[in-house]
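**Student:** Using the sequences provided together with the hints, build the complete structure.
So the sequence lines, in the order shown, correspond to chains A and B.
Note that our numbering has the first sequence beginning at 1, numbered continuously upward.
Note that our numbering has the second sequence beginning at 1, numbered continuously upward.
Rather than coming from a laboratory, the hints here were simulated on the basis of the structure.
The reader is advised that the hints may include incorrect statements.
Because identical chains share one entry, a pair is satisfied inside a single copy or across any pair of copies.
Taking lysine to any residue and the SDA-like style, the derived pairs with C-alpha atoms no more than 25 Å apart in a straight line are [to be verified]:
hint: 1; residue 1: K115; residue 2: S22
hint: 2; residue 1: K35; residue 2: D143
hint: 3; residue 1: K149; residue 2: E47
hint: 4; residue 1: K35; residue 2: P95
hint: 5; residue 1: K115; residue 2: E54
hint: 6; residue 1: K137; residue 2: V76
hint: 7; residue 1: K141; residue 2: D33
hint: 8; residue 1: K137; residue 2: P79
Predicted model, so just to flag it, every value in this text is computed and none were measured.
Number of protein chains: 2
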Amino acid sequence: MDLSTNEIIAYRAIGTIHTPYSDMAPFQANEDDAKGPFILELLPEFETALEDLECFRYVIVLFHMDRATGYNGSNVAHPPSLGGGTVGLFASRSPNRPNPIGLDVARLLRIEGRKIYTSGLSVLDGTPLIDLKPYTKRDSKPDPGDGWKGKVQ
Amino acid sequence: MDLSTNEIIAYRAIGTIHTPYSDMAPFQANEDDAKGPFILELLPEFETALEDLECFRYVIVLFHMDRATGYNGSNVAHPPSLGGGTVGLFASRSPNRPNPIGLDVARLLRIEGRKIYTSGLSVLDGTPLIDLKPYTKRDSKPDPGDGWKGKVQ
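**Tutor:** This is the structure we're talking about:
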């Protein structure tokens, strides 16, 4: 791909995410304490693609953060946990990134037809689901570290 | 978002991924044994967005699998590890999915300007990078399980 063309990458929703959050999704909520239900509802044509997914304990949920303010050219983020401090945008999970793709790892509770019930998701109700992947050993790193949590402002 | 409109979600590359793989990316290679270099090269306008990223041990790399065969309406995948067996497409990491978004978790080795050196990535050289996120405790699940690995065909 020739990046100089600034070519558009076109995706489409594969479903919708249902959560209890209509205007504010709690930041980094404890997934097991969150009051749901949290449901990934696939479009009908993808129902059979869910076969065997119930073998996994966790799913990686990718979604399009359609209500993000948007990227305004600023390369800094203001994580709530840093008070007034800032970090580089790609060192954060801020929704206001060039491509507003959200990612959450959720526990898979059960699948009913084309609906997947999960543990808590920091996602607004009605958010378009764009991909769904099984979480495997390769994604599980025992030593993630604390990142910039120790950063002095 | 009204899914019935089948609205296009438009993204753009934020950079390019450099790997030694021009036509076949090894499947689930041991990231530390892989011979690189593996480099995420950001577009110039995003260089300052990398600030503080070096505090993290791992990065989540999201990329557009531009050379995937594409989704042809089939909801099954043929993971190499299953021989001739099949699983549901969303229970796999097959590139031939409705939205060909690839995801890899890589060790962050060092950052030089707008280039991020990482451990092995199962990514073809020249693949467009679409997002980059820090890997945090929330992404680290100690009990991923074996998924469909015990599945009898």
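**Student:** All hints are to be evaluated individually against the structure, with a verdict given for each.
**Tutor:** Verification of the hints:
1. K115 - S22: within (20 Å within a copy, 38 Å between copies)
2. K35 - D143: between (29 Å within a copy, 23 Å between copies)
3. K149 - E47: Classified as between; 22 Å across copies, 41 Å inside a copy.
4. K35 - P95: within (22 Å within a copy, 34 Å between copies)
5. K115 - E54: within (12 Å within a copy, 38 Å between copies)
6. K137 - V76: For K137 and V76, only the inter-copy Cα distance (22 Å) is at most 25 Å; the intra-copy one is 32 Å.
7. K141 - D33: Cα proximity of K141 and D33: in one copy and across copies (23 Å, 16 Å).
8. K137 - P79: between (29 Å within a copy, 16 Å between copies)
Checked against the numbered hints above, the structure violates none of them.
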